[in-house]
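If you read the protein sequences in the order shown, they are chains A and B.
Position one of the first sequence corresponds to residue 1 (our numbering), numbered consecutively onward.
Position one of the second sequence corresponds to residue 1 (our numbering), numbered consecutively onward.
FYI, nobody ran anything at the bench for these hints, they're computed from the structure.
For each residue, glycine too, the CB sits at the ideal point set by N, CA and C.
Once the Cα atoms are required to be at most 30 angstroms apart in a straight line, the calculated DSS-like pairs of lysine-lysine come out as: (1) B/7 x B/261; (2) B/7 x B/330; (3) A/168 x B/45; (4) A/204 x B/39; (5) B/7 x B/223; (6) A/168 x B/39; (7) A/114 x B/274; (8) A/227 x A/6; (9) A/148 x A/121; (10) B/372 x B/270; (11) A/263 x A/248; (12) A/167 x A/148; (13) B/39 x A/167; (14) A/38 x A/10; (15) B/408 x B/174; (16) A/148 x A/6; (17) B/330 x A/114; (18) B/223 x B/381; (19) A/204 x A/168; (20) A/38 x A/121; (21) A/172 x A/227; (22) A/205 x A/172; (23) B/174 x A/241; (24) A/253 x A/13; (25) A/172 x B/39; (26) A/205 x B/39; (27) B/3 x B/223.
Output of the computed footprint for chain A on chain B, the stretches with three or more beta carbons under 8 angstroms from beta carbons of chain A: (28) 13-23; (29) 188-199; (30) 275-289; (31) 296-304.
Pair ranges (Cβ atoms, derived): (32) A/248 x B/189: 28 to 34 angstroms; (33) A/62 x B/271: 33 to 39 angstroms; (34) A/245 x B/9: 54 to 60 angstroms.
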Amino acid sequence: MHPLEKQFEKIKKENRLGLMTHVVVGYPNLETTRELVKTMSESGADYIELQIPFSDPVGDGPTIREANTAALENGVCVHDAFILADRLTHEDAIATSLLFMTYFNIVLTYGIEKFCHDAGKAGIVGLIIPDYPLEAESHEHLESEAEKNNLVLIRFASLDSTEERLKKLGEKAEGFVYCFSTRGTTGVRSDIDGGIQPALALVKKYFQVPAAVGFGISNAEQIRTLKGSADMVVVGSALVKACESGGKEGVRKKMEELVIALK
Amino acid sequence: MKKLFFKTSYDADPFGYFGEFGSRYVPESLIPALDELTKAYEAAKSDPIFEQELLDLYQHYSGRPTPLYFAKNLTEKLGGAKIYLKNEGLNHTGAHKINHCLGQGLLAKRMGKKRLIAETGAGQHGLATATVAAKFGFECTVYMGAVDVVRQRPNVFWIEQLGAKVVPVEFGTKRLKDAVMAALQDWIAHPNDAYYLLGSALGPHPYPSMVRDFQSIVGLEVKEQLLAAEGKLPDYLIACVGGGSNAIGIFNAFLDDINVKMIGAEAGGKGTGKIGDHAARLQGQGRLGVVEGYKSFFLTNSDGQLEPTHSVSAGLDYSGIGPEHARLFKDGRVNYHAVTDSEVLTAFKLLAKTEGIFPALESSHAVAEATKLAPTLSKDKIIVVNISGRGDKDIFIVADALGDTNWKEFLKTKAN
Ligand SMILES: Cc1ncc(COP(=O)(O)O)c(C=O)c1O
Numbered sequence: 001m002h003p004l005e006k007q008f009e010k011i012k013k014e015n016r017l018g019l020m021t022h023v024v025v026g027y028p029n030l031e032t033t034r035e036l037v038k039t040m041s042e043s044g045a046d047y048i049e050l051q052i053p054f055s056d057p058v059g060d061g062p063t064i065r066e067a068n069t070a071a072l073e074n075g076v077c078v079h080d081a082f083i084l085a086d087r088l089t090h091e092d093a094i095a096t097s098l099l100f101m102t103y104f105n106i107v108l109t110y111g112i113e114k115f116c117h118d119a120g121k122a123g124i125v126g127l128i129i130p131d132y133p134l135e136a137e138s139h140e141h142l143e144s145e146a147e148k149n150n151l152v153l154i155r156f157a158s159l160d161s162t163e164e165r166l167k168k169l170g171e172k173a174e175g176f177v178y179c180f181s182t183r184g185t186t187g188v189r190s191d192i193d194g195g196i197q198p199a200l201a202l203v204k205k206y207f208q209v210p211a212a213v214g215f216g217i218s219n220a221e222q223i224r225t226l227k228g229s230a231d232m233v234v235v236g237s238a239l240v241k242a243c244e245s246g247g248k249e250g251v252r253k254k255m256e257e258l259v260i261a262l263k
Numbered sequence: 001m002k003k004l005f006f007k008t009s010y011d012a013d014p015f016g017y018f019g020e021f022g023s024r025y026v027p028e029s030l031i032p033a034l035d036e037l038t039k040a041y042e043a044a045k046s047d048p049i050f051e052q053e054l055l056d057l058y059q060h061y062s063g064r065p066t067p068l069y070f071a072k073n074l075t076e077k078l079g080g081a082k083i084y085l086k087n088e089g090l091n092h093t094g095a096h097k098i099n100h101c102l103g104q105g106l107l108a109k110r111m112g113k114k115r116l117i118a119e120t121g122a123g124q125h126g127l128a129t130a131t132v133a134a135k136f137g138f139e140c141t142v143y144m145g146a147v148d149v150v151r152q153r154p155n156v157f158w159i160e161q162l163g164a165k166v167v168p169v170e171f172g173t174k175r176l177k178d179a180v181m182a183a184l185q186d187w188i189a190h191p192n193d194a195y196y197l198l199g200s201a202l203g204p205h206p207y208p209s210m211v212r213d214f215q216s217i218v219g220l221e222v223k224e225q226l227l228a229a230e231g232k233l234p235d236y237l238i239a240c241v242g243g244g245s246n247a248i249g250i251f252n253a254f255l256d257d258i259n260v261k262m263i264g265a266e267a268g269g270k271g272t273g274k275i276g277d278h279a280a281r282l283q284g285q286g287r288l289g290v291v292e293g294y295k296s297f298f299l300t301n302s303d304g305q306l307e308p309t310h311s312v313s314a315g316l317d318y319s320g321i322g323p324e325h326a327r328l329f330k331d332g333r334v335n336y337h338a339v340t341d342s343e344v345l346t347a348f349k350l351l352a353k354t355e356g357i358f359p360a361l362e363s364s365h366a367v368a369e370a371t372k373l374a375p376t377l378s379k380d381k382i383i384v385v386n387i388s389g390r391g392d393k394d395i396f397i398v399a400d401a402l403g404d405t406n407w408k409e410f411l412k413t414k415a416n
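Pulled out of the complex, with its shape left as it was, chain B reads as follows (with noise of 0.2 angstroms):
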C-alpha cells in the first residue's frame, strides 16, 4: 500500500509555521474550531482505516492514479528537454482539486458535521466540494465571487445541479480573496455543525498542511510512473501557483530530493510591472503579511491594505499565496516566474494542437514556463508539468480572448 502522510524537512513546526510563515492569524471565537479539526486530522491521518479508504476513493471514484504521459510532439517541436505531463485533469470534475476534497470530506464525515462551506474561484474547488457534499451527504454552500460567477457559469450552473447553493460575494473586490472572508465568517457564526473545506494549501493552521498532505499524491505518482517509464527523477517540476496546492502537491514528494528543480507558474497578468495588473505574490511587490489567518507574501499598498489583482485565470487570481510556498521561496528551494496572460493563450493553443490536450488556464501558466524553459535544455533532462485541471470550463473566457465570431453568434442565438 502506497503511503500517504510522510514528513519533510520544510513541514511546518508543531505550532504550525513554516519558518516565519503560516500558523493561525484567526480571531478567538475559531481557535476552538481550528483545535477540533486539528485534533481530527491528526488522529485520521495515524489511522490506518482513513488512509485505505481516501486511497480507495481516489482510485475508485476519481479514477487516479491520473496518467504521466510523455509530451512526444511538443518535446520535439520544443527540441530540448523531454516533457511529461501529470494530467490531473483526468480527475473525476475536472482538476486536482477533487484530492483535497475527498480527504476533508471523508474527515468531515468523521468529525461528524452536517454541512461543508467553501469559497471557490474558477469553480473547479467549488465543483469538487459540492460533488464530495452529494456524495457523502452534505448540506453546502459555496461563497463565489460576484466576478467569478460571471465569468465562470458553466461551473456555477453545475454546482447548483449537484444541489449546493451558490452564494454571489458582492463585497471587496468580488473575486476568490473575498469568497474566502465571507467562507471564513460563514464558519465563524457556525463552528459547531459545518465544516470548511477550504480549497487550497493557504488558510490557518492546520489546513496548509491538511491540503498539501490530500494532494501528495500526485508527487508521490509521479514518482513511481517516472521511475517506470525513464528510471530516474524527474530534473524539474512545473506546476501553476494560486494559494498553491496543486504545487505544493506535486512537489512534496521531491522537496528533499535535492537535484530536482522546482518552478511555480504565478499569474503575470498583463504584466508585472504595475500592482493590479496581475497576481505574482513573489515577484518584488509582495509583502509580508497577515490576511485570512495566515503569514505570507501578499499584494498589499504600504499601509498593508489588500490591491486588486488580475488574471485571466480565475483560479490564480488571488492576492495571497499558501505559507508553505512563501517558505520555499525564502528558502530558495522553489523558483518563482510570473507568466502573462497572453504566453498563457499561447501556451494553450500549443498543447491543443500538438497533443490534443485541453488545459485549463491555470494549468496553461505552467505549460507556457515549460515552453521557455525546455529549449534551454538538453535531450536527456526531463521536466514534468501539472496539469492541475483540464480546460473545458474556460470555453466562454478562450472563446472570448481568441475573438472567435462563429461562437460569439452562437451564443447570440442561443439568448434568443
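This is chain A alone, in the form it adopts within the complex (with noise of 0.2 angstroms):
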C-alpha cells in the first residue's frame, strides 16, 4: 500500500479529518524549514508538503508568495529541497509523508525523469504541482515518470470544475484529490465559501480517492464546518504566519488548535 493511503487508512480509524500542513522551503531560512517540519510532525500533521521556492508562483497569495521571494533571496536552490527532504527522511527519521509542491517551471527546468527519481530518493511520496493540468501529459510525461518513482502526481478540482472535468480528472486519480475551497489564490480566510459543500458533493461522486480541502483554511471553526463533506484540510499561509509571529512555538500552538478540531 502506498504510503499516502496507509496514512489515510489510519485517518479514517481514528475518524477524523486529515491535516496536511505546507512550509516553505528556506523560509524563513533551512535550519527552520527543518525544525518546523519536525514540529509539525510531532504536532500530529498527517502530510507536510514542501514547497521549492519559485519566482512566480502564480497560485499563491501574499504570504506565501513573500516566503518563496524572501527564501530566494536568501538564495535557497532547488538542491536545497533535495537535500532537505534526504535528512528529514534518512537522518530525521521523520513519520509524516513528505510531498513536494512547486510549480512546473522547477520541474521541467531540474528534468522531469530525475526530479522524480531525485524525488523518490529522498523519500518524497507525492508531487502537488498547481499548474500541471491533466492535458499537459500527453507532452510532459510528468504523471507517468512520478509512478515510476511510487510519486503520487496529486489531482485538482475546483469550485467552477464541471462534471464533464471531475469526471475525466477522477478517472485514475491517487492520493487524494486538492479541491480549492474558494476562488482565488492561497491566503488566510476567515470563513469558507459557500459553494464548497456542493461542489464537494461532485468530487465526491467522481473520485474514489479522498478529498483534501485548502486555500483559506485557518482556523478551527473553519475545520468543523468541513467535517462530514471532506476528509482533509491543508493549511498552508496559517502556518507560515505563525510561525513570522511566534517562531517554532507559535507553529506548535497552531498545530495544537487544528489538530483539536479534526476529531
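Both chains are sitting in their own frames, so use the hints and assemble them into the complex.
Here it is, written out as C-alpha cells:
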C-alpha cells in the first residue's frame, strides 16, 4: 500500500479529518524549515508539503508569495529542497509523509525524469504541481515518471469544475484530490465559501480517493464546518504566519488548535 | 468583405500547442474559465456578424486601415532596399494594442462579462483596454508594475481618466511579468464575472491564437496595400517583439508566403552578454520553460527562476515570448535579432528627422533593425517595418535619455 493511502486508513480508523500542512523550503531559513517540519510531524500532521520556492508562484497569495521571494533572496536553490527532504527522511526518520509542492517550471528545468527519481530517493511520496493540468501529460509525461518512482501526482478540483471535467480528473486519480475551497489564491480567510459543500458532493461522486480541502483554511471553526463533507484539510498560509509571529512555538500552538478540531 | 480569420501551417493544434510550445499550464481553477473562453471565441469566429462588427470598429472607431507609407527619405538616406512603414501609431490610442482590445472587448460583451482585467507594461495595452471598457461600459482594473507606473506616468493618468483603476504591482521585479501574475490572480479569484483581456500573443491557450487573430488585420492590410503600391509582396517584414502581438499581427498573413523573410527585433538593452541587462529571450540565454500559463523560452536561471530584464522600452521589458514565436524561431521561419538601447535611440531620432514620425521606443527597435538591413540589400528589395505605436508616450524617457536640459528645467518649474 502506498504511504499516502496507508496514512488515510489510519485517519479513517480514528474517525477524524486528516491534516496536511505546508512549509516553504528555506523560509525563514533552511535550518528552521527542518525544525518546523519536525514540529508539525510531532504535533500530528498527517502529510507535509515542502514547497520549493519559485519566482512567480501564480497560485499563491501574499503570505506564501513573500515567503517564496524571501527564500530565494536567501539564496535557496532547488537542490536544497532535495537535501532537506533527504535529511528529514534519512537522518530525522520523520514519520509523516512528505510531498513536494512547486510550480511546473521548477520540475521542467530540473528535468522531469531526474526530478521524480531524485525526489523518490529523498523519501518524497507525492507531488503537488498546481500549474500542471491533466492535458499536459501527453506532452510532458510527468505523471508516468512520478509513478515509476512510486510518487503520486496529486490532482485538483475547483468550485467551477464541470461534471464532465471532474469525471476525467477522477479517473485514475491516486492519493487524494486537492480541492480549492475558494476562488482565488492561497492566503488566510476567515470563513468558508458556501459553494464548497455542493462542489465537494460532486467531487465525491467522481473520485474514489479522499478529498482534501485547501486554500484559506486557517482556524478550528472552518475545519469543523468541513466535517462530513471533506476527508482532509490543508493549512498553509496560517502556519507561515504563525511562524512569523511566534516561531517554532507559534507553529506548535497553531498545530494544537488545528489538530483538536480534526476530531 | 475582408476575411479576418484564416489558418496557416504554423497554427496551434486543437489542444493549443504550437509544436512543443504553448497550451495551458494553469491551476485547475482557471480551466473552466479557459474552456468557456475557448468555446465563446470559436463561436464568435465563425459568426459573420461578429466579424462584421469588429471590422466596423476597426474602421470607424480606430481609424483603420492604417497607412502603409513609403519612407522615401529614409530609404534614400540608407541607400538600399525600399522601406515602407506600416503606421499602427495612427490607430486610436496610438498603438496596435487597440486591435486585440476591440476584438476581446466585443467578445467579453458577447459573453456577458461585467469587468475587464488587464496587465500593462508601457501602458499602451492598459490604455487601449480602458478605452474599450469606457466604450462598451465595462468596469476595468489595470495591473501595472510599480516601476512601469513611474516610467509611463502619462498613460497612467489617461487610463484613470477613462474610468479604469490602475493597481501598481509592488512584488517581484515590479514590471510586466509581475503585472501579468497579478492580473491572472485577480482572474483566478473572479473567473465568472471578469474577462481577462490579455495584452499580447501569450498566456494560456486560447490567448496566443486569439490575440494573433485580432492582430492579423495588420498583415492583411499590408498585403493589399503593398500589392496596390508595388504589385508584389515584401521581401522582408520587421517588427519588434515583446510578448509578440504586433509582430505576429504583421507576420501572420505572410507566414505561408515562403519568399517573405521576417525578422523579430528583441530588446537588447545594454547588450546581450549578461543576463539581467536585456530582454532578448532568443539570443542564447533563454531557456525552455513554463511560466504564466504557457510553454516557451524565458530568461531564467539554472533552477528555472525568472531573471530580471532590462530595456529602455517598458513594452519589451519582459522575460517571456509568445509561444508561436518560439515555434517560428525553432522552425527557422522567423529570425530574431537583438537591438540595444542606444541603437534604439539613434533610430528614434533618425525617423523623427528624416520622416517626421516619432516611433514608440518599442517600435524603434524594428526601425533600428531596418537601418542595419536596408543598406545590405539592393534597391529593388522591399522592407516593411511595423511601427507598432507612436512615440508621444515616451517623452519623459526620450528627453531623459537625450539629456535635454530645457525639458528638465520645464519639469522642475512644473513641479513647483
Ligand atoms: C507600441 C508598442 N509596441 C510593441 C509592444 C510590445 O508588445 P508586443 O510584442 O505584444 O507587440 C508594446 C507593448 O506595450 C507597445 O506598446
